[in-house]
Amino acid sequence: MHDKTVTQLAAALASGELSSRELTSHFLQRIEKADGQLNSFITVTAEQALSQAEAADKARADGKAGKLTGIPLALKDIFCTQGVKTSCGSKMLDNFLAPYDATVVEKLSAAGTISLGKTNMDEFAMGSSNENSHYGAVKNPWDLAAVPGGSSGGSAAAVAAGLVPAAMGTDTGGSIRQPAAFCGITGLKPTYGRVSRYGMIAYASSLDQAGPMARTAEDCAHLMNVIAGHDVRDSTSVARGVPDYTETLNAPLSGLKIGLPKEYFGDGLDPEVEKAVREAVKVYESLGATVREVSLPHTHYAIPAYYVIAPAEASSNLSRYDGVRFGHRCDAPTDLIDLYTRSRAEGFGEEVKRRILIGTHTLSEGFFDAYYTKAQKVRRLIRQDFLDAFEDVDVLMGPASPTPAFDLGAKKDPVSMYLQDIYTIAVNLAGIPGISVPAGFAGGRPVGLQILGTHFAEAQLLNVAHQFQQATDWHLQLPAFAEENA
Amino acid sequence: MQWETVIGLEVHVQLATRSKIFSGASTAFGAEPNTQACAVDLGLPGVLPVLNEQAVAMAVQFGLAVHAEIPEVSVFDRKNYFYPDLPKGYQTSQMYHPIVGAGDVEITLDDNTTKRIRIHHAHLEEDAGKSLHEDFHGMTGIDLNRAGTPLLEIVSEPDMRSAKEAAAYLKAIHSIVTYLGISDGNMAEGSMRCDVNVSVRPKGQEAFGTRAEIKNVNSFRFVERAIAFEVERQIELIEDGGKVVQETRLFDPERDETRSMRTKEEANDYRYFPCPDLLPVVLDQAYLDHLRNQLPELPADKRARFQNELGLSAYDANVLSASREMAEFFEEVHRVCGDAKQAANWVQGELSGALNRENLSIQNSPVSAQQLGELIRRVLDDTINGKAAKQVFQALWNGQGESADAVIEAKGLKQVTDTGAIEAMIDQVIAESPAQVAQYRDSEPEKRGKMIGYFVGQVMKASRGTANPQQVNGLLKEKLDALL
Amino acid sequence: MALEESHVRRAAHLARLAVSDDQASGFVDDLSRILDMVDQLQSLDTEGVAPLAHPLDATQRLRADEVTETNQRDTFQRCAPAVENGLYLVPRVVE
Numbered sequence: 022m023h024d025k026t027v028t029q030l031a032a033a034l035a036s037g038e039l040s041s042r043e044l045t046s047h048f049l050q051r052i053e054k055a056d057g058q059l060n061s062f063i064t065v066t067a068e069q070a071l072s073q074a075e076a077a078d079k080a081r082a083d084g085k086a087g088k089l090t091g092i093p094l095a096l097k098d099i100f101c102t103q104g105v106k107t108s109c110g111s112k113m114l115d116n117f118l119a120p121y122d123a124t125v126v127e128k129l130s131a132a133g134t135i136s137l138g139k140t141n142m143d144e145f146a147m148g149s150s151n152e153n154s155h156y157g158a159v160k161n162p163w164d165l166a167a168v169p170g171g172s173s174g175g176s177a178a179a180v181a182a183g184l185v186p187a188a189m190g191t192d193t194g195g196s197i198r199q200p201a202a203f204c205g206i207t208g209l210k211p212t213y214g215r216v217s218r219y220g221m222i223a224y225a226s227s228l229d230q231a232g233p234m235a236r237t238a239e240d241c242a243h244l245m246n247v248i249a250g251h252d253v254r255d256s257t258s259v260a261r262g263v264p265d266y267t268e269t270l271n272a273p274l275s276g277l278k279i280g281l282p283k284e285y286f287g288d289g290l291d292p293e294v295e296k297a298v299r300e301a302v303k304v305y306e307s308l309g310a311t312v313r314e315v316s317l318p319h320t321h322y323a324i325p326a327y328y329v330i331a332p333a334e335a336s337s338n339l340s341r342y343d344g345v346r347f348g349h350r351c352d353a354p355t356d357l358i359d360l361y362t363r364s365r366a367e368g369f370g371e372e373v374k375r376r377i378l379i380g381t382h383t384l385s386e387g388f389f390d391a392y393y394t395k396a397q398k399v400r401r402l403i404r405q406d407f408l409d410a411f412e413d414v415d416v417l418m419g420p421a422s423p424t425p426a427f428d429l430g431a432k433k434d435p436v437s438m439y440l441q442d443i444y445t446i447a448v449n450l451a452g453i454p455g456i457s458v459p460a461g462f463a464g465g466r467p468v469g470l471q472i473l474g475t476h477f478a479e480a481q482l483l484n485v486a487h488q489f490q491q492a493t494d495w496h497l498q499l500p501a502f503a504e505e506n507a
Numbered sequence: 085m086q087w088e089t090v091i092g093l094e095v096h097v098q099l100a101t102r103s104k105i106f107s108g109a110s111t112a113f114g115a116e117p118n119t120q121a122c123a124v125d126l127g128l129p130g131v132l133p134v135l136n137e138q139a140v141a142m143a144v145q146f147g148l149a150v151h152a153e154i155p156e157v158s159v160f161d162r163k164n165y166f167y168p169d170l171p172k173g174y175q176t177s178q179m180y181h182p183i184v185g186a187g188d189v190e191i192t193l194d195d196n197t198t199k200r201i202r203i204h205h206a207h208l209e210e211d212a213g214k215s216l217h218e219d220f221h222g223m224t225g226i227d228l229n230r231a232g233t234p235l236l237e238i239v240s241e242p243d244m245r246s247a248k249e250a251a252a253y254l255k256a257i258h259s260i261v262t263y264l265g266i267s268d269g270n271m272a273e274g275s276m277r278c279d280v281n282v283s284v285r286p287k288g289q290e291a292f293g294t295r296a297e298i299k300n301v302n303s304f305r306f307v308e309r310a311i312a313f314e315v316e317r318q319i320e321l322i323e324d325g326g327k328v329v330q331e332t333r334l335f336d337p338e339r340d341e342t343r344s345m346r347t348k349e350e351a352n353d354y355r356y357f358p359c360p361d362l363l364p365v366v367l368d369q370a371y372l373d374h375l376r377n378q379l380p381e382l383p384a385d386k387r388a389r390f391q392n393e394l395g396l397s398a399y400d401a402n403v404l405s406a407s408r409e410m411a412e413f414f415e416e417v418h419r420v421c422g423d424a425k426q427a428a429n430w431v432q433g434e435l436s437g438a439l440n441r442e443n444l445s446i447q448n449s450p451v452s453a454q455q456l457g458e459l460i461r462r463v464l465d466d467t468i469n470g471k472a473a474k475q476v477f478q479a480l481w482n483g484q485g486e487s488a489d490a491v492i493e494a495k496g497l498k499q500v501t502d503t504g505a506i507e508a509m510i511d512q513v514i515a516e517s518p519a520q521v522a523q524y525r526d527s528e529p530e531k532r533g534k535m536i537g538y539f540v541g542q543v544m545k546a547s548r549g550t551a552n553p554q555q556v557n558g559l560l561k562e563k564l565d566a567l568l
Numbered sequence: 184m185a186l187e188e189s190h191v192r193r194a195a196h197l198a199r200l201a202v203s204d205d206q207a208s209g210f211v212d213d214l215s216r217i218l219d220m221v222d223q224l225q226s227l228d229t230e231g232v233a234p235l236a237h238p239l240d241a242t243q244r245l246r247a248d249e250v251t252e253t254n255q256r257d258t259f260q261r262c263a264p265a266v267e268n269g270l271y272l273v274p275r276v277v278e
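Chains as they are written, first to last, in the numbering used here: chain U, 22 to 507; chain E, 85 to 568; chain L, 184 to 278.
FYI, nobody ran anything at the bench for these hints, they're computed from the structure.
Here the structure is a predicted model, which means the values were calculated and not measured.
For every residue, glycine included, the Cβ atom is placed at its ideal position computed from N, Cα and C.
Any given hint could turn out to be false.
As the list claims (entries may be wrong) - If you only want the chain L side, here are some residues facing chain E, beta carbon under 10 Å, derived: (1) A236; (2) T242; (3) R244; (4) L245; (5) R246; (6) D248; (7) E249; (8) V250; (9) T251; (10) E252; (11) T253; (12) R256; (13) F259; (14) L270; (15) Y271.
Stated by the list, open to error - Covered stretches of chain U (in silico footprint by chain L; criterion: 3 or more residues with CB under 8 Å from a CB of chain L, positions within the stretch not fixed): (16) 326-337; (17) 365-371; (18) 396-405.
Bound-form chain U, shown alone:
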């Protein structure tokens, strides 16, 4: 069962071949057995999952089942879940049982899906390796010595290892696409504003976006049908009709115009990764697509701009963790300043502190214009690069990451870690959607092909990804770990 897609499992549930209770128990057992090694979950909600599964089976018996009723999922621990610990990977929220459900969580449970638990992540979604979690690093099921990527590393590893058929992640600078690439699964970052951020703990509000992580693009399409849409509780969510993302999956690709940004194939790109990506592009040519080189001239400014804007927003977003209304509070504070400084110093990890300090510094008097205003101007130029490119081509393709998954502990210097996100970060600054699909291996570790579209082009990205998955089987390959733990 663990090697099946959401689409296949939904069909099995619909035919009565399988009950949600069986399915849920199966995955819970796999988690129980294998997650000691992976550390992909922070919280497993077995009891709740089983009772949800029973309710799903009953709904089905009553003829009230929807497409995804009874499908087990996992949620990145950044989504607030009522009554369930929502830690965001931080000691700060180790004791936080969220008093409400995120909109995404509400929608998923209304669709009858089952939450198996909350997946591990870089603290407050700040990281590209999942090594920044208060709950310890997550391992990559393809190679336990490798990182799964981050910050949605727990979700990616759990799906890759067959501990859950699909999971929700969030992406602020690549946090869905890069771990999806590192773990050999499919991950979609929707257009900014396509999915509600309400109840999703904020890292950088103008960049954060939730999205699905699954084995296939088709699975992602099913999940997008559930989670996409306007939310009155999120001013930045977009009031715009949501298509049925599964309807266009099989549209033919003949005549599709693919652009290859030359900046995505430059220095620092692992040759084996490049080879896999270029092979994938050839597959598209065989499907009738045309390919041309394009330029995104401001690509190299994306990481610098991001490391001004994201930490600035984060420094403000994380001020609410002050030990007063929720979260960690230091022992016996002597006065107010002691309460604040000690609670926050104890509750936050190193990377979070680094970004709070950077953000505070760049926003402070005398630096604001040189850093923040400048970065926002550059942000406009970066967005314009994409809009210009999409005048000429339908989608852009390139690697999701310059290298395959690196070893745990390999990147000690924060800046070298940041540079990992060179191909993903600009997408968040521009607010456009992007998807990473498995496209082969480099040194035995998965390679992700990243496909980018213009604002609200999710249906097209899923179609383009799905057609690739009809022509290749990279996405069907499972790590040995998944089989050993069957």
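Dock chains E and L against chain U, hints included.
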């Protein structure tokens, strides 16, 4: 040396919305602590703000009322600082692109002259919660019910030159916001709060002196007292060779002084930046026109109309337009009785006196505008005389009758204008007062005028106040003089 | 723009983060390298470019002025570190 005072005010007005500026929690005053602080107000992880349309409309109405420019685009910014009553660690405010641009307000001074005070801008922001310092084992308690209540911060130019002008400005703002119905203006409950910037400079000098900011001056009276104290303090300081430092001071009404607040933070650095959770607010011309068309007549316009069209004195026009309730009451009385001057006299005289004695506001007046108007009409058409009118008013005040006419009827206060009846009463009084008649007769002619008062009093008494006093006077004089 | 320890200290103070001397020098190193990387922005000519705060050119939607929330104090205060009589408690604030 001659000193000149320079004052600018920042007035925070709580807008009278039902729900908060960014959440659906109630803004009602006086609830149990933290029962009106919802997830958004508490800044729980993951929550997001959504802007209240009424807060926007109210801010724009204010802007239109002070002839301000309303920019097409305004933006919310975050003002970052830590304080226990500020749940998110930032206040959502408007730093760079406020919703209301430059405008002006006309104030009326004691001598009934007017002056224009320029408004720099007004912006929307969220209120903070409250810290309660009574002893919780040496701890401070935090109530976040008020957190997220919409505030309009109105920032004036430093255009005021005396404590009286500052108080008049505050009154003008109060009257505008209450006229518009965008705030209850209740200073005791904190619906209007005021920070005062004060500096002094030698008369004739152009450059401003160093200013002190006095925080939280929360009544009209305190504004005057705080400024008076602060001006004196600054002048003494400078004359003694000292220097005013730019600082925040707190007014202590009990000691009637301002004192330096221990600096909350050595150097504030609020790190303003655009709030990424909120999008630019865009207001089009049609929206502004729609609100403009709904604006009520404003205090300054009313004042002018009362003077120019109704012929009231500047003083009367000012008093009667000071609050919307007062103005509406007066206008209703005027509508019913048809005489502006009489309506003004009654509202400011008998009615205001009675209200003051019982400490009632005009909205709670036991005598309605309709009743008072009808009462005045009965004076004007000579149905009752002035004396009886006061009796009728008192009866209406005490709830002894539905209308002036009913009271007049029940108490038999209808004025006697029948000459025959009055003459009969006069004859009787003359017959019963031989001594006074003799005295009258023996007096110097020029003193007789005074002596007639006695007879008038007796006749009025005999008529139980209902005789027409002018008629009584005339007839008495004729009859007494006939006896000479 | 070179970063000095005083900058880190000031940022730590503004952000209410306790930072020991050892940590401070570590942060100076890390933050300096990050800011060196960020400083690449300065080489780009952005004359005449308007800052972009949101990726979409959307405008704020307004909410009807309705009370939609009910009292959930007990639920919310279950995750609070210190409450009494419905109030959140903090060390005494001196005004």
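Open item on the list: When the structure is checked against the list of hints, which entries are broken? Sort them ascending.
Closed with: As far as the earlier hints go, not one is violated by this structure.
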